[in-house]
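Undergrad: These are the residues of each chain, in order.
2 protein chains.
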Amino acid sequence: MPLSANNPDRISWLHVNKDSDFPIQNIPFGVFLTRDDIITIGTRIGDTAIDLGALHQLGYFEGIPLTDDIFLQDTLNDFIADGRKTWRLVRNRIAEIFDAENSTLKHHTKHKETILFRLDEIEMQLPVQIGDYTDFYASKEHATNVGTMFRGAENALMPNWLHLPVGYHGRSSSIIPSGIPVHRPQGQTMPDGATAPVFGPSKLVDFELEMAFITTDANDIGEPIPIEEAEEYIFGLVLFNDWSARDIQKWEYVPLGPFLGKNFASSMSPWIVTLDALEPFRVESPEQNPKPLSYLQSNGKKSFDINLEASIQPKGAKEATVCKSNFKYMYWNMAQQLAHHTVNGCPVNSGDMMGSGTISGPTEDSYGSMLELSWKGTKSLKMKDGTERKFINDYDTVIMRGYCENDGTRIGFGSVKTQLLPVFNSKKNN
Amino acid sequence: MPLSANNPDRISWLHVNKDSDFPIQNIPFGVFLTRDDIITIGTRIGDTAIDLGALHQLGYFEGIPLTDDIFLQDTLNDFIADGRKTWRLVRNRIAEIFDAENSTLKHHTKHKETILFRLDEIEMQLPVQIGDYTDFYASKEHATNVGTMFRGAENALMPNWLHLPVGYHGRSSSIIPSGIPVHRPQGQTMPDGATAPVFGPSKLVDFELEMAFITTDANDIGEPIPIEEAEEYIFGLVLFNDWSARDIQKWEYVPLGPFLGKNFASSMSPWIVTLDALEPFRVESPEQNPKPLSYLQSNGKKSFDINLEASIQPKGAKEATVCKSNFKYMYWNMAQQLAHHTVNGCPVNSGDMMGSGTISGPTEDSYGSMLELSWKGTKSLKMKDGTERKFINDYDTVIMRGYCENDGTRIGFGSVKTQLLPVFNSKKNN
Numbered sequence: 001m002p003l004s005a006n007n008p009d010r011i012s013w014l015h016v017n018k019d020s021d022f023p024i025q026n027i028p029f030g031v032f033l034t035r036d037d038i039i040t041i042g043t044r045i046g047d048t049a050i051d052l053g054a055l056h057q058l059g060y061f062e063g064i065p066l067t068d069d070i071f072l073q074d075t076l077n078d079f080i081a082d083g084r085k086t087w088r089l090v091r092n093r094i095a096e097i098f099d100a101e102n103s104t105l106k107h108h109t110k111h112k113e114t115i116l117f118r119l120d121e122i123e124m125q126l127p128v129q130i131g132d133y134t135d136f137y138a139s140k141e142h143a144t145n146v147g148t149m150f151r152g153a154e155n156a157l158m159p160n161w162l163h164l165p166v167g168y169h170g171r172s173s174s175i176i177p178s179g180i181p182v183h184r185p186q187g188q189t190m191p192d193g194a195t196a197p198v199f200g201p202s203k204l205v206d207f208e209l210e211m212a213f214i215t216t217d218a219n220d221i222g223e224p225i226p227i228e229e230a231e232e233y234i235f236g237l238v239l240f241n242d243w244s245a246r247d248i249q250k251w252e253y254v255p256l257g258p259f260l261g262k263n264f265a266s267s268m269s270p271w272i273v274t275l276d277a278l279e280p281f282r283v284e285s286p287e288q289n290p291k292p293l294s295y296l297q298s299n300g301k302k303s304f305d306i307n308l309e310a311s312i313q314p315k316g317a318k319e320a321t322v323c324k325s326n327f328k329y330m331y332w333n334m335a336q337q338l339a340h341h342t343v344n345g346c347p348v349n350s351g352d353m354m355g356s357g358t359i360s361g362p363t364e365d366s367y368g369s370m371l372e373l374s375w376k377g378t379k380s381l382k383m384k385d386g387t388e389r390k391f392i393n394d395y396d397t398v399i400m401r402g403y404c405e406n407d408g409t410r411i412g413f414g415s416v417k418t419q420l421l422p423v424f425n426s427k428k429n430n
Numbered sequence: 001m002p003l004s005a006n007n008p009d010r011i012s013w014l015h016v017n018k019d020s021d022f023p024i025q026n027i028p029f030g031v032f033l034t035r036d037d038i039i040t041i042g043t044r045i046g047d048t049a050i051d052l053g054a055l056h057q058l059g060y061f062e063g064i065p066l067t068d069d070i071f072l073q074d075t076l077n078d079f080i081a082d083g084r085k086t087w088r089l090v091r092n093r094i095a096e097i098f099d100a101e102n103s104t105l106k107h108h109t110k111h112k113e114t115i116l117f118r119l120d121e122i123e124m125q126l127p128v129q130i131g132d133y134t135d136f137y138a139s140k141e142h143a144t145n146v147g148t149m150f151r152g153a154e155n156a157l158m159p160n161w162l163h164l165p166v167g168y169h170g171r172s173s174s175i176i177p178s179g180i181p182v183h184r185p186q187g188q189t190m191p192d193g194a195t196a197p198v199f200g201p202s203k204l205v206d207f208e209l210e211m212a213f214i215t216t217d218a219n220d221i222g223e224p225i226p227i228e229e230a231e232e233y234i235f236g237l238v239l240f241n242d243w244s245a246r247d248i249q250k251w252e253y254v255p256l257g258p259f260l261g262k263n264f265a266s267s268m269s270p271w272i273v274t275l276d277a278l279e280p281f282r283v284e285s286p287e288q289n290p291k292p293l294s295y296l297q298s299n300g301k302k303s304f305d306i307n308l309e310a311s312i313q314p315k316g317a318k319e320a321t322v323c324k325s326n327f328k329y330m331y332w333n334m335a336q337q338l339a340h341h342t343v344n345g346c347p348v349n350s351g352d353m354m355g356s357g358t359i360s361g362p363t364e365d366s367y368g369s370m371l372e373l374s375w376k377g378t379k380s381l382k383m384k385d386g387t388e389r390k391f392i393n394d395y396d397t398v399i400m401r402g403y404c405e406n407d408g409t410r411i412g413f414g415s416v417k418t419q420l421l422p423v424f425n426s427k428k429n430n
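So the protein sequences, as listed, match chains A and B. If you count by full-length UniProt numbering, then the first sequence holds residues 1 to 430, one letter each, in order. If you count by full-length UniProt numbering, then the second sequence holds residues 1 to 430, one letter each, in order.
Okay, chain A solo, but in the shape it has when bound (with noise of 0.2 Å):
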C-alpha cells in the first residue's frame, strides 16, 4: 500500500499557512461536535475542520471497504480497529479529495457547507474509548534525574530499567482532550519531619511532557506480539500531559506504584497524527547498552524525530517557554515497548494508550517536568509577569506542542493546553 498522502510536493485547495502543523501531508482523525450538535469523526487540513462522516454520506470514499456509519461515531475506535490497510486507503483518499489539482469538491458550494468547518465551528473532543492506558518511564534522561535526586548519582537508575522499559498501569477514566480545565487534587501527604500524614490540597502539581500512542486490536490475550510486528499496531500519537501531584505520590507510591498522584487527570491533544504521517522522520534510537534481551531487539529506525516543548501561561500573563525537548531521546522506542508489554500474552485493544513517560533530554533547559526544572524545588523558573514558579500554581494554564520538521515539510500535532483551577468546592459549585 503506497503512502501516496506523503507526497511532500501536493499542495490542497484548502489555505494553509506555511507553519501549519496541519499541511495536506499530516491528514489526521479526530472527533469533534459541530455547531449543527453533531458529533463526528474527522480532519483538519489547515485551519479548516473536514467532517469525514458527511464526505462518506456523499460518497466520496466510494470504493473503500468502510461500513456506512463508520465515521459518524463519537469515538475513532471502530475505524481504528479496521487496521492499516483501511487507514491508509482513507488518508491517501483525503489527499486526493484536497489536492489542489482536484476541483470536483472545491467547485462543489453546496458540499463543502456540510463537510468543511472552521476551527471556532467545532469542539474537540476526546478521539478514543481508551480501554486501557499503560504509562512506560522509557527517558534515561529522565529516570536519571528523578533517581538522583531521590538516591543519589550512584544509584539513580534502579537494576532493572537498563534491561526493560519498566511501566505501570494509569487511569483511563480521567484522560481528558486539551481545553478541559484539572482541579488541584487534595489527598494525604506525610510533610518532611511530620510523625502523621496530613490531608488537604496538593503543593507540588506538575506536568509531565510527554507523547502517547494510540494501538489497533493487535493480539488475543496469551499471544505475544513479536517486535518486528509491534508498528502495525500503531495507530498514530498524541501529546500527553500526564499531570502529577509530586507530594501525594511520594507518600502513597511504596511499594505498589503511583496511584492518586496521577490518575486526577492526564490531558492528551485532541488530533492523532498517524504513524504514517511521521514516516519521513524516523531516526536511529540511542544506543542500548547492555544490549537487551532478544525480544526487545530489532532493526530499523524506530525512533521518530519530534520537537516538543512546553510553556507556563499565568492568569493575564503571556506565555513562558519552559522546555525544550525531543521524542527521540526516548531510550526504549515504542515497538520495544508494545512487545515488552505483550510478550506475557496481555491483550492489546483498539484504543488503547501507551505513554512515553517524561521525555526529558540531556541539558537542563529540556527536561520534561517542573520536578527536574526546578530540581525538587531548589530553583525556580522565571515566568513573563516577573512571577517565579517551582511548579504550577492555580490559573496557570500549561501549553505543550510538537512538531517535525524537514525541508519542506512540517508535521505537527498542534498542542494540548490546561488550566489548573483551585481545588473543586462542592459548595461553590453546586
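Some hints could be false.
Copies of the same chain look alike in the list, so a pair counts if it works inside one copy or between any two.
Unchecked claim - With a straight-line cut-off of 30 Å between C-alpha atoms, the simulated DSS-like cross-links for lysine-lysine are:
(1) Lys203 <-> Lys291
(2) Lys250 <-> Lys376
(3) Lys250 <-> Lys140
(4) Lys379 <-> Lys291
(5) Lys315 <-> Lys384
(6) Lys384 <-> Lys301
(7) Lys382 <-> Lys318
(8) Lys110 <-> Lys384
(9) Lys203 <-> Lys318
(10) Lys140 <-> Lys390
No lab work stands behind these hints, which were simulated from the structure alone. Computed from a predicted structure; not experimentally measured.
Fit chain B to the given chain A structure using the hints.
TA: Frame of chain A; chain B shown alone:
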C-alpha cells in the same frame, strides 16, 4: 425502597438445593450466551438460569422504568448505570415472579420455555465491560506476610500502609470469566545470584484469593465521593483470582509497581452478587489504629462476613482445599477504598472494578496466595494425588468459592475456576 427480595422466608417455585449459593434471596446478575446463540443478561435461582431479556420482552417488568433493550445487551454496564433504585425494583420483581405463591409464570409453559435455561444450556460471559480496574492491598495479614518475607518482620508494613488503602491500577483487557484457561506467562526475570536477566516461562505462577466490587457511575472528574455515600455506588461483588507471576513481578516492580507479573490474566466469577443481597451479612471492620484521617472515617458496619476458600485440582485428580479465609479480614473496607480512590477527583464509572487485594486471615491455613502458604517456596502443600505444590503447575485448575451463611439463608458467589496451561506456543496454536 424496601429490600423485599431479601425476605428470608420466601421460597421459590424453582427447585433450589439446600446447599445452593443461589436461593431466591440471592438474585445475582450475569451475562450469558443461550442455546440459541443469543447473548442476554440474566439471573439464576438454584440451577436454573433466567433470561431477563425475555422476561422483559414478555412484560414481566411492567411498571419499572427500563429501556426496551436494557437486558438485551452483552454487558451489564447500562443496567448498572441506571442506579440503585432500579436495581432494587428489578430484584424485588424477580423475587415476586419466582415466589412459590405466584403462579403466573409458573403455569405459563410457553413463557417458561423462552425464559428458563438449564446451566448446561448456557455459557457465562464477562458480565461487564470493565472501564478501569484498580487493585487494592487491603489485607493487613497479607501485607504483613509479604513484607516480612521480603523485608523482615520489623519493616513488614510500609510507613503509609496503616494510613491509607494502598492501591494501584491494573489491566482491564486481561480480565476473563471463570472457565477460560490461562497460559503460563513468559517474561524477564533476574535469577538469584545472576548478573543479567534471563527470558523464559515464569517459574512462580501464583493465585491471589480476592474479591472485587463493581461500581456504577459515581462522580464527575474533580468531585470526591464522601465516604458516607460510597456504598451507594457499589453494584455488587464477585470472586476474583488475580493471577501473579512472582518472579516476573519481583524483577520489574521497582519503582512503579507490578505490571507484566499481573496483567497476563485475572479471573472473575461470572455472577455479580448485589451489595443488597449481602445486607444480612454486614459486620464490623477490624479496629483501625492509628485512626485514619477524617475522609476515611465512617460509622456502621461496612464489612461483610463472606467465607472464602481456594483449592487446587491437578489434572485428573480431586481438588484439595489449600486455604480458607474471609472477606471480613480486610483492614480497609470498600467504602474507604472508594472514598480514597476519588478524594483527588478521579472519576469512577459504571462497570469499573476494584479488587480487594489478596485476603489473608490470621492463621497459616487462611493465607490467600501460594507465596504465603508455601512461605516463599520453603514448604509444600499436599495434593490429593500425592504430589506437592509450592506454586501452580501446568494443567492445575485453581478454584475459588465464596458464600455467606446465617440461620437459614446462604448467599453464595458460585466459583471462579481456571486452568493453567503451558506457555503459549504460536506454532502449535496457529
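Undergrad: If a hint holds in the structure, say so; if it does not, say that too.
TA: Here is what the structure says about each hint:
1. With identical chains, the CA atoms of Lys203 and Lys291 are at most 30 Å apart between copies only, with a shortest distance of 24 Å across copies and 41 Å within one.
2. For a Cα distance limit of 30 Å, the shortest separation of Lys250 from Lys376 qualifies both inside one copy, at 12 Å, and across copies, at 29 Å.
3. In this assembly of identical chains, the alpha carbons of Lys250 and Lys140 lie at most 30 Å apart whether taken from the same copy (20 Å) or from different copies (21 Å).
4. For a Cα distance limit of 30 Å, the shortest separation of Lys379 from Lys291 qualifies neither inside one copy, at 37 Å, nor across copies, at 37 Å.
5. For a Cα distance limit of 30 Å, the shortest separation of Lys315 from Lys384 inside one copy, 11 Å, qualifies, whereas the shortest one across copies, 71 Å, does not.
6. For a Cα distance limit of 30 Å, the shortest separation of Lys384 from Lys301 qualifies neither inside one copy, at 39 Å, nor across copies, at 55 Å.
7. In the homo-oligomer, the alpha carbons of Lys382 and Lys318 lie at most 30 Å apart inside one protomer (12 Å), although the nearest pairing across protomers, at 71 Å, exceeds that limit.
8. Taking the closest pair of Cα atoms, Lys110 and Lys384 never come within 30 Å of each other, the shortest separation being 47 Å inside a single copy and 78 Å across copies.
9. With identical chains, the CA atoms of Lys203 and Lys318 are at most 30 Å apart within one copy only, with a shortest distance of 24 Å there and 57 Å across copies.
10. In this assembly of identical chains, the alpha carbons of Lys140 and Lys390 lie at most 30 Å apart only when taken from the same copy (23 Å versus 38 Å across copies).
Of the numbered hints given earlier, the model fails hints 4, 6, 8; all others are met.
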